[in-house]
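> Sequence:
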Amino acid sequence: MADVLTWAIERRIRLSEQAERLSKELAGIGAEVARLEAAEVMFGQWVEATDGGRQLSGIVEPEPEPEPEPEPEPEPEPEPEPKRVEANTVAKSGVVDDVEDG
1 MADVLTWAIE
11 RRIRLSEQAE
21 RLSKELAGIG
31 AEVARLEAAE
41 VMFGQWVEAT
51 DGGRQLSGIV
61 EPEPEPEPEP
71 EPEPEPEPEP
81 EPKRVEANTV
91 AKSGVVDDVE
101 DG
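For the sequence shown, this note's numbering begins at 1 and goes up steadily by one.
No lab work stands behind these hints, which were simulated from the structure alone. Among the hints, a few may not be true.
[Unchecked claim] Label-pair ranges, simulated between beta-carbon atoms:
#1 Thr6 - Gly28: 31 to 39 angstroms
#2 Glu69 - Ala38: 43 to 51 angstroms
#3 Ala39 - Ala2: 54 to 62 angstroms
For every residue, glycine included, the Cβ atom is placed at its ideal position computed from N, Cα and C.
Let's have the full structure, built from the sequences with the hints guiding it.
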């Protein structure tokens with residue numbers, strides 16, 4: 001009877017180890033199935049949006065932001081025109097003694 005008990009214990013241990021290994025493998029397979037399902041959905045949406053790839057997807061890269069334009073340099077102020085002094089004004093001020101009529 002000891003042989004039967006030993007066999008049962010060994011068999012249980014081997015099956016336990018195999019079950020653990022298969023459980024890990026099954027978890028990996030489940031994760032891969034989930035990734036493939038997501039890819040399938042995304043591909044299906046792309047096909048619908050692009051009529052099976054015959055149209056552009058409408059996805060474009062954003063245009064680069066334009067570089068800021070340099071600030072314009074201020075225009076130089078025009079030079080003031082010299083004031084015209086009337087001959088009568090000059091004569092009245094006493095600066096010019098003789099004013100020619102002209």
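> So which hints don't hold here, by number, going up?
Nothing - there is no hint that the structure violates, so all of them hold.
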